[in-house]
Amino acid sequence: MIDCAHYRRSLLADPGDPRPELRAHRAICPECAGYAARLLQFETRLGRALNLMVEAPPQLRRPDGQRRVFARRNWLTIAASLLLGAGVAAALWLAVPRPTLADDVVSHMAAEPQAWRRTDVPVPAPELRAVLRDAQLRLSPRAGLVTYANSCLFRGHRVPHFVVQGARGPVTVMILVHESVRAAMPFAEQGYRGVILPVPGHGALAVLTRGAHDDPAVVETAAKRLLAAIIWTG
Amino acid sequence: MNDQVRGGGKRARFQALCQSLRPDLLRFALWLSRDRALAEDVVQETLLRAWRAQDSLREEASAKPWLLTILRREYARCFERKRFATVDIDELIGAEAPSLGADEDAAEIGELRLALCKLPQEYREPLLLQVLMGCSTAEIAAQMRLSKAAVLTRLYRARRQLRALCREDTSMDPAE
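Each protein sequence line maps, in turn, to chains G and Z.
With our numbering applied, the first sequence covers 1 to 234.
With our numbering applied, the second sequence covers 1 to 176.
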């Protein structure tokens, strides 16, 4: 059994540490549970603080004459720009998501860190039903173990947000009934990897993982499996 | 013909992959350098080097650590070539002000960003890799050529210092 100092030290090093002994300590120590809750709030702010705009406002860009340019870089920069231009076209061809929708989904995830806990405690069935009811759907058992469910305000609408424990960690799902996408939209931002899938007649489905799940195929497979587990009731 | 099609498809996938990772790479470079122009240069150079060496990437799942390795090496190379006398902290933080204006905790986020800039590089970098890039402790250890224990110690110290700089209640933090 670990003590409070060990628990807090582990949490400060890695707030997402999934070790069962940490979970067990938190369950029996209200002080450490409170400490963990406050640290998670701090982590949420830290995530937001790190999420800088990557395009500088024009007035903050240096005039060309002042911009640092390294020797031998000119032609490389031009070549890189051309390659990136081609990259943008290819990315569009592959239907990379509108940044705003993917950005909004990721921002929402960062604001609910408690959803990412690795746990084997299921959400009570009535609670899950209530969350899913508004979007007129239910889940078949093959969706897996649902450990978090919330009806979240997203772009002005209440949408179901739930987490399924997968073999490689938690998988988060948002049912975006008020959005529409034309094709699967993979994205990777702020340590999250995800895909937004079109759901004809029912909007779109956003599925995200985070951490070591860097294989886009893993996320897409999880998304398709979850989509197949959804039973639409309206 | 089929080889050409396969090659074109592979290149398109690689471009899409780089494009999807570019925002986070740029954020990482920005926090590493605290200089937007330098960060943009480093990311451009990183993507160009990656493009040239794309055949050495065995699987897409390894793309992020692979690109991070190139980026960190390129940043170190730039830094060796020229020691930068100025740090554009105000520009870095100021650029975000319009997007934070509507948030009720904008002041706290601004304070946190300033604190991040003050954090020693040896602590800031593993924190960026963990929180921004989603790297595991093992991945950070591999990137920084440190033991896992050393990474955890640096992360622990990074959060302690950051919380103290932000005047968080650290009375319950464990002692060193």
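Simulated from the structure, these hints should not be mistaken for lab results.
Do not take every clue at face value.
Computed far set for chain Z versus chain G, every beta-carbon distance over 10 Å [unchecked claim]:
#	residue
1	Ser56
2	Arg58
3	Met144
4	Thr153
Distance ranges between label pairs, derived from CB positions [said to hold, decoys possible]:
#	chain 1	residue 1	chain 2	residue 2	range
5	Z	Ala149	G	Pro126	42 to 48 Å
6	G	Trp232	Z	Thr170	45 to 51 Å
7	G	Leu153	Z	Ala149	31 to 37 Å
Predicted model only: the values in this text are computed from it and were never measured.
In this text, a Cβ means the ideal position worked out from N, Cα and C, and glycines have one as well.
- Query: Among all the numbered hints in the text so far, which are the ones the structure does not match?
  - Reply: Hints 4 and 7 are the ones this structure does not satisfy, whereas the remaining hints hold.
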